[in-house]
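Chains as they are written, first to last, in this note's numbering: chain A, 1 to 299; chain B, 1001 to 1628.
Since the hints were made in silico from the structure, they are not lab data. Heads up, the beta-carbon is just placed ideally off N, CA and C, and yes, glycines get one too. Careful, some of the hints might be misleading.
Some but not every residue of chain B turned toward chain A, in silico, with C-beta under 8 Å [as the list claims (entries may be wrong)]:
1) Phe-1018
2) Trp-1385
3) Val-1561
4) Gly-1562
Quick list of the computed label-pair ranges, beta carbon to beta carbon [claimed, not checked]:
5) B/Lys-1177 to A/Gly-169: 38 to 46 Å
6) A/Ser-164 to B/Gly-1246: 38 to 46 Å
7) A/Gln-274 to B/Ala-1532: 25 to 33 Å
8) A/Val-239 to B/Thr-1581: 35 to 43 Å
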Amino acid sequence: MVWLVQLVAIIVMAGLAPLFMGIAQTVKARLQGRRGPSIFQGYWVLAKNWKKETTAPEFSSWVFLVQPSISLAAILLVVAMIPWAGMVAPNWPHNLLTIFFLLALERFWVGLAGLDSAGTFGGLGASRVATLGAGIEPAMFAAFGVLWALTGGTQIQSIAEKVSLLLWGLAVVSYGLVLVAELGRLPIDNVDTHLELTMIHEATVLEYDGRLLAEAQWGMALKLTAMIGLGWVWLSPAVPSLWMNLLLRVLEVAATSVGIGWIESRFTKLRYFQLPTYLAMASGIGLLAFYLMASGGLN
Amino acid sequence: MLTWGILAVGTITSLTAFKRNLTIYLNLALGVAIVGLSAAGLWGRMQSLGVGPYFVMTPLRAWFLLVVGLVATMAAWYRLGYRQHHETSTSFWLPWFIVSMVAVVLSQTVWVFMTAWELMAITSFFLVITYHDRPGVIKAGFIYLVMSQVSAMAIVAGFLLMASALHSMNFGVWALKAQYLPWGVKSGIFGLLGLGFGIKSGIIPFHVWLPRAHPVAPAPVSSIMSGAMIKLGVFGVVQFLLIDLGPTPVIWPVLLLAVGAVSSLLGVLYALMEHDLKRLLAYHSIENIGIIFLGLGVTGVGIDRHIPLLVSVGLVAALYHTLNHAIFKSQLFLAAGAVEQHTGTLDAEHLGGLIRSMPGVALGFLLGSMAISALPPFNGFVSEWLTFRGLLLLATHSVGLWAVAGLGVALVLAATGALAGMCFVKASGVIFLGQPRQKVTNYQIPRSMTVPILGLAGLSLVLGVFAQPVVQVISSVEPGIGLGAANAMLALKAGSIALLLLVLVGALILIARISTVRQVPRWSCGREVEPAMQFSSASMTKAIRTTFAVIYRPHRQLIRVGDYARDFPQQLIYRGGTTPTWERYLYRPGYQLAWRLSQYTTRIQAGPVRLYLTYLLATIGMMLLILH
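Just chain A, with the same shape it has in the complex (with noise of 0.2 Å):
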């Protein structure tokens, strides 16, 4: 039974990432006053995507022509490792840490293909993706304290009855800042831009076309899946039934990809030497928020 919710869980949640990256954009473009595109623009920019010529840029080599696999590899186990569900099948690798290093391999290797695709942007975006990465991955490891506290271990699991409502708003709040860095949305990145001045992940794409840059489109859709489910399974309740809780996450993963085009029509990017700022504020949130667990007077 648990296998089956696992397996109907990822099946679920990748085939609908494009759906929750859909309604971010047109919640953004309402918000704007346009009429913008339909939900499910994401499945026709992929299908359209699929379908067109692959090419690659003059002295690239296999490590560009791999890329968005192993990426979307990584983003996929990501997805898969998550007790969407409450819980995970056992013998099932499921910990939080190693989600930590298979979003490092995903950074390493968009960092890779940009210099292999020997053009300005492609480098401009590893470097970009990679300083970034630099502050996000600390500040990560910050946002989770509240849950380090609590478990002591690596396992997932929801806080939300077991700490006090401050302690929950801290990790809400920082969880939140990072995710938004993580995704490089606004106000860190802007997903629209192709202005060189600006753009940081959108960098790292531009070379790629066809089914290769499908799959790094879906792959951006999934991270953004994944860094929602994450945050809502260990911050939202978990409800006993295995498929209750399932049907749960993906409405609160919508419902989160409304947040984000609100907040997308309401902040301006920010300068780019102004994140480690930012990030930092992230981090310090997700210390306190340790602080006052592991003293012990506050859960």
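Chain A is fixed; fit chain B onto it per the hints.
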């Protein structure tokens, strides 16, 4: 007997230095023999091998012997194809260097240990100055020699303190009695030995010799020094400070954690600013020694506070990372040597696109980069995962601000990991990928150089996938550390992750049909395409240089040349760099102080023989007076 056998092989190998292939094959045999010896030690079959009164074999020593043996074997194999100047000199000193490392690991008494330790320092000094006719090499060698001697003096002082307190020079006696020493003596020993072994492992702030000495040596020597020699400092800390001394004042393990955190973060930050591949790798050795020291610090805190789980996880993480670092770092150094032989330079700003002219070495470097960046499914992932686990356990077993400090160290390690990933994206991307930046020579790399590099890559993959058995072996290294680490490892499931990754990547590459991809010109905003458009090693890390300006203190200078230089310069000269903080603010004043103090000695040591005769007479008179 086997030990004497290895000594004999070392001597013979040294004496055959003039026969190129013979000496290399003997070196190879020596390496394989060391691996065999360590395997015998790990499986507990040493009694039958007749270890004399001067040497001893324990599972811990066998583990470090394995590190030495593996690196020595691969370096010898690689030398079959490696062409270098002054090869006879390397062939003469290398066997002695390896034999002295074996003797350090197996020594049973202070005398054997110190003799072997000094032999190791001297032989490695001669190996470092192999290219003594190149500028700067002799100076680097002397800095290394001075630091080695400071290290040896601190170790002798610590050993003598321990020996006088225990009335024995035998390490076997120390293992039994040292834990009952009073805390004052223990603190003295910890401070002196920690200093000595710390200098040898290259932790910050005693690291200045490492990025100078490692890069100037021939590649096989660099790989042995970085892979095996600096690990003997770790061996000293584990054997004498953690296992023998037992509980100490808790400040010492906390100090281990602090230097570990500082070394790992600063090591990788300095590495990011390097454009010379071998110097970059040398700074990464400092970073990885820092990570090993984090594991040792966790162990130390566990010993002091009697938490077996911490002892187990920390020690296993440190020992695992010791072997892992030996493997992927020697792999990377050997690949760097191949790059130098292929192109004649190691400066990343002149290279690029080497993946087309040396695909095997490029693959080896790329896999080594993944391993050192702790990416699944390679071995660095497992040991860094365990180190994180140890630090988290440390944090949750502490209260209040100590807990926050524990988590803070974990955050430092997270930042280090991300920066290391960036540094190796830079190194492999700028050197092996993209378009060549300049025209360089294209000397063909023989297969005997590529195969050891790829062999080490395979080894690091095996150690990353079959993690559980390896942890079982390490757990048996020290009796009583128990199953804590093995149980903690159960959550990892490194094998399933590797399998899932392999299946997913394979399936995705298949459906992407990458063989049908057509090559087209790259996007350059309509401008003429040229190699200088690519990101370079310096521009890749520009944002890091700005963000951490407080550490780097970057400076740049723009000189305009010409008649109307301010407005119409005919030529621009740009110089930029970072400030060598430790050298300028710690070592330079220290060196000047020593110089000034030594000038005072000229007052009593002016040169005339009559003066010295007077001193002699006065000394004898005073001795007679005291003895009378």
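May I ask you to test the hint 38 to 46 Å on the CB atoms belonging to A/Ser-164 and B/Gly-1246?
Distance hint for A/Ser-164, B/Gly-1246 holds at roughly 41 Å.
Minimum Cβ distance from B/Trp-1385 to chain A below 8 Å?
Since the shortest Cβ distance to chain A is 6 Å, the answer is holds.
Could you check if B/Val-1561 really has its C-beta closer than 8 Å to a C-beta on chain A?
At about 28 Å, which exceeds the 8 Å cut-off, the nearest Cβ of chain A leaves the hint on B/Val-1561 violated.
Can you tell me whether the CB distance of A/Gln-274 to B/Ala-1532 sits inside 25 to 33 Å?
30 Å, holds
Should the hint that A/Val-239 and B/Thr-1581 are 35 to 43 Å apart at their CB atoms be regarded as holding?
55 Å, violated
Is the interface hint satisfied for B/Gly-1562? The criterion is a beta-carbon contact with chain A at less than 8 Å.
Result: violated, 29 Å to nearest chain A Cβ.
CB-CB spacing for A/Gly-169 and B/Lys-1177 relative to the 38 to 46 Å hint:
55 Å, violated
With a cut-off of 8 Å on the beta carbons, see whether B/Phe-1018 makes it to chain A.
Nearest chain A Cβ about 42 Å off; hint violated.
Consistency with the previously given hints fails for numbers 1, 3, 4, 5, 8, ordered from lowest to highest.
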